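Following the hints, put chain S in place on chain F, whose structure we already have.
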Amino acid sequence: MDKPVLKVENLNVTFETKYGHAVAVNDISFDLKKGEKLGLVGESGSGKSVTAKSIIRLLSSPPAKIKGKIYLGDKNILELSEKEMCSYRGNRIAMIFQEPMVCLNPLFTIGHQLSEAISSHQKCSKKQCYQEVVEMLKTVGIPSPEERYKQYPFELSGGMRQRIMIAMALLCSPEVLIADEPTTALDVTIQAQIMDLLNELNKDLGVSIIMITHDLGVIAEMADTVAVMYAGNIVEKAPVRSIFNDPLHPYTQGLLKSIPTMKDAEGDMETIEGNVPSIYNLPKGCAFHNRCKFKEEICTQEVAPIVVDGERSIKCWKYTDKWR
Amino acid sequence: MKAQSNYDNEVLMEVRNLKKWFQAGKGPFNNNKIYVKAVDDVNLDIYRGETLGIVGESGCGKSTLARVIMNLITPTEGQVIFEGTDITKISSKELRRERKNMQMIFQDPYASLNPRMKVRDILSAPYIIHKLAPKTEAVKKAEEVLDMVGLNRDSMGKYPHEFSGGQRQRICIARALAVNPKIIICDECVSALDVSIQAQIINLLVKLQKQLGLTLIFISHDLRVVQHISTRVAVMYLGKVVEISDKAEIFTNPIHPYTKALLSAVPVANPDAKKNRIILKGDVPSPINVPKGCSFSTRCSLAKEKCSIESPELREVGKGHYCRCILQ
Numbered sequence: 000m001d002k003p004v005l006k007v008e009n010l011n012v013t014f015e016t017k018y019g020h021a022v023a024v025n026d027i028s029f030d031l032k033k034g035e036k037l038g039l040v041g042e043s044g045s046g047k048s049v050t051a052k053s054i055i056r057l058l059s060s061p062p063a064k065i066k067g068k069i070y071l072g073d074k075n076i077l078e079l080s081e082k083e084m085c086s087y088r089g090n091r092i093a094m095i096f097q098e099p100m101v102c103l104n105p106l107f108t109i110g111h112q113l114s115e116a117i118s119s120h121q122k123c124s125k126k127q128c129y130q131e132v133v134e135m136l137k138t139v140g141i142p143s144p145e146e147r148y149k150q151y152p153f154e155l156s157g158g159m160r161q162r163i164m165i166a167m168a169l170l171c172s173p174e175v176l177i178a179d180e181p182t183t184a185l186d187v188t189i190q191a192q193i194m195d196l197l198n199e200l201n202k203d204l205g206v207s208i209i210m211i212t213h214d215l216g217v218i219a220e221m222a223d224t225v226a227v228m229y230a231g232n233i234v235e236k237a238p239v240r241s242i243f244n245d246p247l248h249p250y251t252q253g254l255l256k257s258i259p260t261m262k263d264a265e266g267d268m269e270t271i272e273g274n275v276p277s278i279y280n281l282p283k284g285c286a287f288h289n290r291c292k293f294k295e296e297i298c299t300q301e302v303a304p305i306v307v308d309g310e311r312s313i314k315c316w317k318y319t320d321k322w323r
Numbered sequence: 000m001k002a003q004s005n006y007d008n009e010v011l012m013e014v015r016n017l018k019k020w021f022q023a024g025k026g027p028f029n030n031n032k033i034y035v036k037a038v039d040d041v042n043l044d045i046y047r048g049e050t051l052g053i054v055g056e057s058g059c060g061k062s063t064l065a066r067v068i069m070n071l072i073t074p075t076e077g078q079v080i081f082e083g084t085d086i087t088k089i090s091s092k093e094l095r096r097e098r099k100n101m102q103m104i105f106q107d108p109y110a111s112l113n114p115r116m117k118v119r120d121i122l123s124a125p126y127i128i129h130k131l132a133p134k135t136e137a138v139k140k141a142e143e144v145l146d147m148v149g150l151n152r153d154s155m156g157k158y159p160h161e162f163s164g165g166q167r168q169r170i171c172i173a174r175a176l177a178v179n180p181k182i183i184i185c186d187e188c189v190s191a192l193d194v195s196i197q198a199q200i201i202n203l204l205v206k207l208q209k210q211l212g213l214t215l216i217f218i219s220h221d222l223r224v225v226q227h228i229s230t231r232v233a234v235m236y237l238g239k240v241v242e243i244s245d246k247a248e249i250f251t252n253p254i255h256p257y258t259k260a261l262l263s264a265v266p267v268a269n270p271d272a273k274k275n276r277i278i279l280k281g282d283v284p285s286p287i288n289v290p291k292g293c294s295f296s297t298r299c300s301l302a303k304e305k306c307s308i309e310s311p312e313l314r315e316v317g318k319g320h321y322c323r324c325i326l327q
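Those protein sequence lines, which keep their order, are chains F and S.
First residue of the first sequence? That's 0 in numbering that gives the first Met the number 0, and the numbers climb one at a time after it.
First residue of the second sequence? That's 0 in numbering that gives the first Met the number 0, and the numbers climb one at a time after it.
Worth double-checking, as some hints may not be accurate.
SDA-like cross-link-like pairs, simulated, lysine to any residue; straight-line CA separation at most 20 Å [as the list claims (entries may be wrong)]:
id	chain 1	residue 1	chain 2	residue 2
1	S	K209	F	E269
2	S	K32	S	D271
3	S	K280	F	K68
4	S	K206	F	K33
5	S	K157	F	D195
6	S	K206	F	T270
7	F	K256	S	K206
8	F	K17	S	H160
9	S	K280	F	I141
10	S	K246	F	D267
11	F	K202	S	R276
12	S	K280	F	L196
13	F	K137	S	G281
14	F	K33	F	K68
15	F	K256	S	A272
16	F	K74	F	L57
17	F	K137	S	D282
18	S	K206	F	D195
19	S	K157	F	G140
20	S	K280	F	G140
21	F	K202	S	E93
22	S	K280	F	T138
23	F	K256	S	K157
24	F	K256	S	N202
25	F	K256	S	D271
26	S	K280	F	N198
27	S	K280	F	L155
28	S	K280	F	A184
29	S	K209	F	D267
30	S	K280	F	D195
31	S	K117	S	K92
Simulated from the structure, these hints should not be mistaken for lab results.
Quantities reported herein were computed from a predicted structural model and do not represent experimental measurements.
Isolated chain F (complex conformation):
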């Protein structure tokens, strides 16, 4: 097997705020192989975006305290100086965000912003830059790219802007692309277009993608491997088919049952009772125990270990030897 492009080891992110000590990401580890699409799924506040931002080092610290190791290739990027990180960010690791309007500068043309992405990482003549940008705009499926080059962000629709963001992220052919809810702000028909595009680019350019979303439907159609997050923990990680056909963790099971399906839409929907615990005050033991149907004494006392079984890993007492 290939060496992973990105390796996250025991990542911990905490915040010291005026409301107290907040644990946003709690000891997570995962690998990303070349060309792999990893889906990171969870409800709001589960730590998905914080994980993404620590990988690309966009979290300002303080207030964030980041512990652990993140290897991009052989380098631990948490040890890099800010200047070194700048040469990595956008070049070897890139990110697209949820809201494409906020992420583009309204005062500059599309072309200006895209060429900047190249010129800040490579020595490149203006003419070459222009050609590369136009080429990339074609790749992401924008019609008449020469005209778009001169336009401003407000002249484009939401779907178009998201395509521009994807183009910008891919210009320096990064190894890892982090997509933080890239289709959440878009309509379903446009979402289908963007998912199609990301799948195509992954196949053609071999870029590894970390796909962050709360929509399990998007995960099912995009990801190869899925990591389910709950209150800062990765509670289950497995290939996409195993997650959907045979979920093991009680939270994953509940989450899958609470999606309204297009079929057999009669009767009550299954729900997970209660609310997500506050990150300022996580319960002792397993973070999910107060909503869990299978809760035992041990769940309320100690944090569950990670049980690894082949390609799957799961953080739950139910699958350990200590379970009666």
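Using the frame of chain F, we list chain S on its own:
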């Protein structure tokens, strides 16, 4: 034209030729006014006890339709007949009396509750405004409706910011229920919530509907939610209803090409599902500049020449199934 005439239920609300055009300034070379046709000639019958789902992409006029039906904004043309009275024609005093029968739940439970009012005041206000109970009794009644939505009575003394999103949406539902309405319009009321919380709120709405015999108009862009909760579904595109039918019919046998594309675009939470996705080209056209003829003709894969000339009418294609497409 009277839609869905072969339904034998009692009609609670009729929407007739409803239009809402917003003026968008004058053209550069003439004084002809330009309009955004947010809602353009909508006809609907809403039956007592049903849940009518309205789906469509952003900008198709779902929310404007809800607001015009509620008479929160006055329509440009058309009628909304609620139990025999045309509520677009009555005085504001009478309208306020009518509002007791029709309530609305909004998308964002963070923005639709006054942050400076305690839950006690939020929930007793409807009783006092509509003179349904004296002040002392209003609080007691507020407690009862709080029980109905499954919130603890301790919540009465708290402010909205002390609750989570799902709990706040429960407060909004309680506020809507307080006046004992006949119809509730839910405008994207679960869109801002996480799936596990969303399921709780949908179950609550279904339970309350059965218990109180409510009629719901459920507006959402999420087809999966609409399919779960609705009895009938209307699909909107650029201010027009393009297809309306029973839930089962519309999801198993969609006729309009837009409905077909919309249904196929929904991501399915099953990696083994067969995907025969119809990818629509381009974006929704601007409602200022609606294409001539059929408004969907610019993105339709089946479009013929006549589609861009003739504008289709909503026609019956099956029992209670109406579709706006000339090719059918």
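query: CA of K33/F to CA of K68/F, is that 20 Å or under?
result: With Cα atoms ~19 Å apart, K33/F and K68/F stay inside 20 Å; holds.
query: CA of K32/S to CA of D271/S, is that 20 Å or under?
result: Cα-Cα ~52 Å, so violated.
query: Within a Cα-Cα threshold of 20 Å, do K280/S and I141/F meet the stated pairing?
result: Holds. K280/S to I141/F sits at ~11 Å (cutoff 20 Å).
- prompt: Is K280/S close enough to K68/F, meaning Cα to Cα at most 20 Å?
  reply: Not satisfied, since the Cα-Cα distance of roughly 43 Å exceeds 20 Å.
- prompt: Does the alpha-carbon distance linking K280/S and A184/F stay inside the 20 Å limit?
  reply: At roughly 18 Å apart (the allowed maximum being 20 Å), A184/F and K280/S satisfy the hint.
message: Tell me if the straight-line CA distance from K206/S to K33/F falls inside 20 Å.
response: violated (49 Å)
query: Regarding the pair K256/F and A272/S, is the alpha-carbon distance no greater than 20 Å?
result: holds (17 Å)
query: Between K17/F and H160/S, is the straight-line Cα distance small enough, at 20 Å or below?
result: Holds, at about 17 Å.
query: Holds or violated: are the alpha carbons of K137/F and G281/S at most 20 Å from each other?
result: With a Cα-Cα distance of about 15 Å, the restraint between K137/F and G281/S holds, given a limit of 20 Å.
query: Does the alpha-carbon distance linking K137/F and D282/S stay inside the 20 Å limit?
result: Satisfied, since the Cα-Cα distance of roughly 17 Å is no more than 20 Å.
Satisfaction of hint between D195/F and K206/S, Cα-Cα up to 20 Å: violated (39 Å)
message: Please verify whether K256/F and D271/S have alpha carbons no more than 20 Å apart.
response: holds (17 Å)
Taken one by one, the earlier hints fail for this structure at numbers 2, 3, 4, 5, 18, 19, 21, 23, 31, listed in ascending order.
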